[in-house]
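Novice: Kindly generate the complete structure, drawing on both the sequences and the hints.
First to last, the protein sequences are chains A and B.
Numbering-wise, the working numbering puts 109 at position 109 of the first sequence, and it's gapless, one number per residue.
Numbering-wise, the working numbering puts 129 at position 129 of the second sequence, and it's gapless, one number per residue.
Since the hints were made in silico from the structure, they are not lab data.
Please note that a few of the clues may not be correct.
[To be verified] Calculated pairs, DSSO-like style, for lysine-lysine (alpha carbon to alpha carbon, straight line, at most 30 Å):
{"id": "1", "chain 1": "B", "residue 1": "K149", "chain 2": "B", "residue 2": "K30"}
{"id": "2", "chain 1": "B", "residue 1": "K30", "chain 2": "B", "residue 2": "K88"}
{"id": "3", "chain 1": "B", "residue 1": "K262", "chain 2": "B", "residue 2": "K139"}
{"id": "4", "chain 1": "B", "residue 1": "K44", "chain 2": "B", "residue 2": "K88"}
{"id": "5", "chain 1": "B", "residue 1": "K137", "chain 2": "B", "residue 2": "K149"}
{"id": "6", "chain 1": "A", "residue 1": "K50", "chain 2": "A", "residue 2": "K203"}
{"id": "7", "chain 1": "B", "residue 1": "K137", "chain 2": "B", "residue 2": "K280"}
{"id": "8", "chain 1": "A", "residue 1": "K259", "chain 2": "B", "residue 2": "K262"}
{"id": "9", "chain 1": "B", "residue 1": "K301", "chain 2": "B", "residue 2": "K262"}
{"id": "10", "chain 1": "B", "residue 1": "K137", "chain 2": "A", "residue 2": "K231"}
{"id": "11", "chain 1": "B", "residue 1": "K280", "chain 2": "A", "residue 2": "K231"}
{"id": "12", "chain 1": "A", "residue 1": "K2", "chain 2": "B", "residue 2": "K187"}
{"id": "13", "chain 1": "B", "residue 1": "K162", "chain 2": "A", "residue 2": "K231"}
{"id": "14", "chain 1": "B", "residue 1": "K247", "chain 2": "B", "residue 2": "K280"}
{"id": "15", "chain 1": "B", "residue 1": "K301", "chain 2": "A", "residue 2": "K231"}
{"id": "16", "chain 1": "A", "residue 1": "K259", "chain 2": "B", "residue 2": "K301"}
{"id": "17", "chain 1": "B", "residue 1": "K88", "chain 2": "B", "residue 2": "K149"}
{"id": "18", "chain 1": "B", "residue 1": "K280", "chain 2": "A", "residue 2": "K252"}
{"id": "19", "chain 1": "B", "residue 1": "K162", "chain 2": "B", "residue 2": "K139"}
{"id": "20", "chain 1": "B", "residue 1": "K301", "chain 2": "A", "residue 2": "K252"}
{"id": "21", "chain 1": "A", "residue 1": "K50", "chain 2": "B", "residue 2": "K247"}
{"id": "22", "chain 1": "B", "residue 1": "K44", "chain 2": "A", "residue 2": "K231"}
{"id": "23", "chain 1": "B", "residue 1": "K187", "chain 2": "A", "residue 2": "K50"}
{"id": "24", "chain 1": "B", "residue 1": "K262", "chain 2": "B", "residue 2": "K247"}
{"id": "25", "chain 1": "B", "residue 1": "K139", "chain 2": "B", "residue 2": "K44"}
{"id": "26", "chain 1": "A", "residue 1": "K259", "chain 2": "B", "residue 2": "K247"}
[Claimed, not checked] Stretches of chain B that chain A covers, calculated by requiring three or more beta carbons in the stretch to come under 8 Å of a beta carbon on chain A:
{"id": "27", "stretch": "104-116"}
{"id": "28", "stretch": "137-150"}
{"id": "29", "stretch": "256-267"}
{"id": "30", "stretch": "291-300"}
Quantities reported herein were computed from a predicted structural model and do not represent experimental measurements.
Ideal placement from N, C-alpha and C gives every residue a C-beta, glycine not left out.
In case you want the letters, here they are:
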Amino acid sequence: MKILVAIKQVAILDDEFEMLDDGRDVDHDFCDYEINEWDDYSLEEALLIKERSNSESEVVVLTVGPEQSEDELRKCLAKGADRGIRVWDDAIEGSDQVAIARIIACVVEKEAPDMVFLGVQASDHAFAQTGMTVAAMLGWPHAAVVSSLDYNSGDNHATLKRELEAGLEEEIAIDCPAVLSIQLGINEPRYASLRGIKQAAAKPVEDLSHTDLGLNDNDVGEAGSVSRIRKMYIPERGHAELIEGTSAEQAKRLAEIIKEFRGV
Amino acid sequence: MSGILVIAEHRQGEIRPATFELVTAATGLKEQSDGTVMVAVIGKEPDRYVEDLGVRGVDEIITVQVDQDEFQPDIYEACVRGLIEDKKPSLVLIPHSVDAWGYAPALGAGGEYGFSTDVFGIRYEDGELVATRAAYKEKVYMDVDFPGKETIALTVRGGVFKPEEEKAEPTVSSFNCPEVQARSQHKQFIEPEDTGDIDITQSEFLLSIGRGISEESNVEQFEELADAVGATLGCSRPIADSGWLPKSRQVGQSGKTVSNCKLYIAMGISGSVQHQAGMKHVENIIAVNTDPEASIFSIAKYGIVADIFDIAEELPGHFE
Ligand SMILES: Cc1cc2nc3c(=O)[nH]c(=O)nc-3n(C[C@H](O)[C@H](O)[C@H](O)COP(=O)(O)OP(=O)(O)OC[C@H]3O[C@@H](n4cnc5c(N)ncnc54)[C@H](O)[C@@H]3O)c2cc1C
Ligand SMILES: Nc1ncnc2c1ncn2[C@@H]1O[C@H](COP(=O)(O)O)[C@@H](O)[C@H]1O
Numbered sequence: 001m002k003i004l005v006a007i008k009q010v011a012i013l014d015d016e017f018e019m020l021d022d023g024r025d026v027d028h029d030f031c032d033y034e035i036n037e038w039d040d041y042s043l044e045e046a047l048l049i050k051e052r053s054n055s056e057s058e059v060v061v062l063t064v065g066p067e068q069s070e071d072e073l074r075k076c077l078a079k080g081a082d083r084g085i086r087v088w089d090d091a092i093e094g095s096d097q098v099a100i101a102r103i104i105a106c107v108v109e110k111e112a113p114d115m116v117f118l119g120v121q122a123s124d125h126a127f128a129q130t131g132m133t134v135a136a137m138l139g140w141p142h143a144a145v146v147s148s149l150d151y152n153s154g155d156n157h158a159t160l161k162r163e164l165e166a167g168l169e170e171e172i173a174i175d176c177p178a179v180l181s182i183q184l185g186i187n188e189p190r191y192a193s194l195r196g197i198k199q200a201a202a203k204p205v206e207d208l209s210h211t212d213l214g215l216n217d218n219d220v221g222e223a224g225s226v227s228r229i230r231k232m233y234i235p236e237r238g239h240a241e242l243i244e245g246t247s248a249e250q251a252k253r254l255a256e257i258i259k260e261f262r263g264v
Numbered sequence: 001m002s003g004i005l006v007i008a009e010h011r012q013g014e015i016r017p018a019t020f021e022l023v024t025a026a027t028g029l030k031e032q033s034d035g036t037v038m039v040a041v042i043g044k045e046p047d048r049y050v051e052d053l054g055v056r057g058v059d060e061i062i063t064v065q066v067d068q069d070e071f072q073p074d075i076y077e078a079c080v081r082g083l084i085e086d087k088k089p090s091l092v093l094i095p096h097s098v099d100a101w102g103y104a105p106a107l108g109a110g111g112e113y114g115f116s117t118d119v120f121g122i123r124y125e126d127g128e129l130v131a132t133r134a135a136y137k138e139k140v141y142m143d144v145d146f147p148g149k150e151t152i153a154l155t156v157r158g159g160v161f162k163p164e165e166e167k168a169e170p171t172v173s174s175f176n177c178p179e180v181q182a183r184s185q186h187k188q189f190i191e192p193e194d195t196g197d198i199d200i201t202q203s204e205f206l207l208s209i210g211r212g213i214s215e216e217s218n219v220e221q222f223e224e225l226a227d228a229v230g231a232t233l234g235c236s237r238p239i240a241d242s243g244w245l246p247k248s249r250q251v252g253q254s255g256k257t258v259s260n261c262k263l264y265i266a267m268g269i270s271g272s273v274q275h276q277a278g279m280k281h282v283e284n285i286i287a288v289n290t291d292p293e294a295s296i297f298s299i300a301k302y303g304i305v306a307d308i309f310d311i312a313e314e315l316p317g318h319f320e
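Specialist: Okay, structure coming up:
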């Protein structure tokens with residue numbers, strides 16, 4: 001049994017940041033990087049299934065990203081994933097999530113896993129799009145925003161809950177293999193052990209380009225996309241009236257506002 | 001290609017309000033997209049929704065009869081694709097909702113239509129459609145375009161456009177769902193558990209904590225703080241997901257909308273759109289955050305750029 005987990009390295013903006021000269025992204029010198037929060041949960045879900053399984057099973061982590069994103073793959077390997085795949089080359093630059101999904105779908109076809117997990121959304125651009133796009137490209141059954149999953153290796157269908165709005169959930173049955181987007185809170189992601197971190201260094205990470213996957217230049221980058229970022233900017237919008245001063249002064253003013261509100 | 005196709009959303013027999021927000025968005029674009037506004041509703045007995053969907057701005061309601069009333073992604077995808085091929089709209093608007101996340105991205109997958117998500121601004125520039133959405137925890141906006149695409153499908157953020165309420169009587173037609181095999185089956189809806197906890201939606205004054213509190217052991221201090229100032233304690237999602245506070249305290253899209261709240265103090269909460277969904281309507285929002293660029297400040301009335309622990313230390317003294 002094999003589960004493929006797609007993960008993304010996301011950028012977290014520093015408190016102060018600048019835009020790039022071309023005005024189409026923030027200057028990444030002002031960013032920290034980490035694994036997308038949702039992907040911690042989907043990796044954990046895959047690891048739990050693997051640990052429950054009696055048969056030989058494998059968890060493969062995949063990312064589409066430049067060299068530095070290998071860090072996140074290694075962190076997944078340290079937690080127990082078996083091997084990593086990283087796809088990148090210059091032509092992939094400028095891809096929207098459709099082009100990224102096309103690459104992921106190609107890896108899925110190559111690896112033929114029993115399940116594919118992605119996060120509900122990536123915290124940087126919050127498209128909430130990639131998982132179901134991959135599913136559509138593959139023609140696989142799919143479900144979005146999975147908050148609980150009943151599936152064991154070898155099963156040809158799964159029962160799961162989708163988290164809807166306002167605390168409502170929906171239980172569904174689905175045919176497998178399937179593509180699922182996994183929601184926060186479905187499990188409690190583990191931390192890597194020291195031993196795991198040591199072992200991760202020795203686990204294989206395969207580097208692939210779009211041509212290795214049989215894709216053309218037209219399938220990736222802007223040519224393979226259905227949308228394009230025209231510009232990115234810091235919006236002009238309303239801003240709170242700031243309460244200045246030392247924290248003692250700020251707290252005093254806050255207390256006044258509260259008292260005024262409560263009429264005491 | 002002309003006209004705008006809105007896909008109605010319904011659940012448990014009720015049209016969801018986002019549908020009427022999309023009608024407003026569509027009406028505003030009608031002239032530039034030079035065509036009609038069509039609202040399609042997919043369901044087991046779609047006619048039952050026709051009366052509700054008859055609002056100003058809608059030219060045509062299209063009913064699509066399928067085997068089940070509950071959302072199913074394969075069915076929705078097939079119907080919406082079928083509708084696009086038949087009606088050839090230049091723009092398709094879908095609520096940016098959990099159900100839409102389950103099928104709308106499939107519309108982008110084929111490459112023939114432009115597609116983007118969580119859009120809250122739509123305009124035409126020199127005849128070309130430009131959509132605005134946010135990134136990096138709402139700190140920046142991006143304008144997205146769709147070179148060479150004649151049909152563009154967008155999922156639209158909730159709570160941005162004012163829902164159209166004025167009744168009207170559009171024409172009604174029906175459309176046949178293309179042949180499709182559903183590969184998942186709806187079993188049941190599960191309502192949130194009643195844990196007997198207090199109902200935060202009743203409270204007029206909430207103090208909510210977010211990931212800024214860092215550790216579970218700090219929750220108690222803020223529980224005491226809320227008590228001291230007379231507020232009900234709420235939280236953002238990570239606090240509930242970690243089990244530090246019960247789910248019933250979570251404010252936001254997948255938690256509670258604090259409809260009676262008049263004063264909301266957000267401490268160590270960044271202001272994600274999903275959190276805002278439950279509280280941005282509150283008249284008096286005060287945000288405390290170390291990051292002066294946190295998006296919560298864009299909806300707050302008052303902002304305090306400070307460490308929540310410093311404020312939490314100082315505040316109770318004023319309430320003794
Ligand atoms: C389908 C779906 C549904 C969701 N539903 C909800 C929902 O109902 N409710 C909800 O809240 N979220 C929901 N989310 C999650 C949401 O996207 C965000 O991940 C979440 O709201 C972030 O919570 P936060 O603001 O507490 O954390 P963060 O975004 O991590 O923000 C923490 C903030 O604390 C500040 N901070 C840190 N330390 C301090 C300090 N010492 N003093 C002052 N400030 C400090 C930081 O500057 C930062 O702004 C949902 C997501 C999805 C995909
Ligand atoms: N570049 C990428 N490489 C691998 N997986 C990705 C990438 N971008 C997005 N994903 C996956 O898609 C999920 C949702 O991302 P998005 O649709 O961009 O919000 C993420 O949680 C990842 O699982």
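Novice: Compare the structure with each hint and give your call.
Specialist: Going down the list of hints, with the structure as the test:
1. K149/B / K30/B: Holds - the C-alpha atoms of K30/B and K149/B are around 18 Å apart, at most 30 Å.
2. K30/B / K88/B: 15 Å, holds
3. K262/B / K139/B: 26 Å, holds
4. K44/B / K88/B: 24 Å, holds
5. K137/B / K149/B: 29 Å, holds
6. K50/A / K203/A: 17 Å, holds
7. K137/B / K280/B: 16 Å, holds
8. K259/A / K262/B: 13 Å, holds
9. K301/B / K262/B: 12 Å, holds
10. K137/B / K231/A: Holds: K137/B and K231/A sit about 17 Å apart, inside 30 Å.
11. K280/B / K231/A: 27 Å, holds
12. K2/A / K187/B: Given that 30 Å is the threshold and the Cα spacing comes to 27 Å, the pair holds.
13. K162/B / K231/A: Holds, at roughly 27 Å.
14. K247/B / K280/B: Between K247/B and K280/B the Cα gap is close to 19 Å, so the pair holds against 30 Å.
15. K301/B / K231/A: 29 Å, holds
16. K259/A / K301/B: 16 Å, holds
17. K88/B / K149/B: Holds: K88/B and K149/B sit about 12 Å apart, inside 30 Å.
18. K280/B / K252/A: 25 Å, holds
19. K162/B / K139/B: Holds, at about 23 Å.
20. K301/B / K252/A: 17 Å, holds
21. K50/A / K247/B: It holds: about 29 Å lies between the C-alpha atoms, which stays within 30 Å.
22. K44/B / K231/A: Violated, at roughly 43 Å.
23. K187/B / K50/A: 26 Å, holds
24. K262/B / K247/B: Answer holds: K262/B to K247/B is near 22 Å, not above 30 Å.
25. K139/B / K44/B: Violated: K139/B and K44/B sit about 42 Å apart, past 30 Å.
26. K259/A / K247/B: 29 Å, holds
27. 104-116: holds (count 11)
28. 137-150: With 11 residues close enough to chain A, the hint holds.
29. 256-267: Contact hint for the stretch 256-267 of chain B vs chain A: holds, 5 residues under 8 Å.
30. 291-300: Holds, because 7 residues of the stretch 291-300 of chain B bring their Cβ atoms closer than 8 Å to Cβ atoms of chain A.
The structure is inconsistent with the numbered hints 22 and 25, although it conforms to all the rest.
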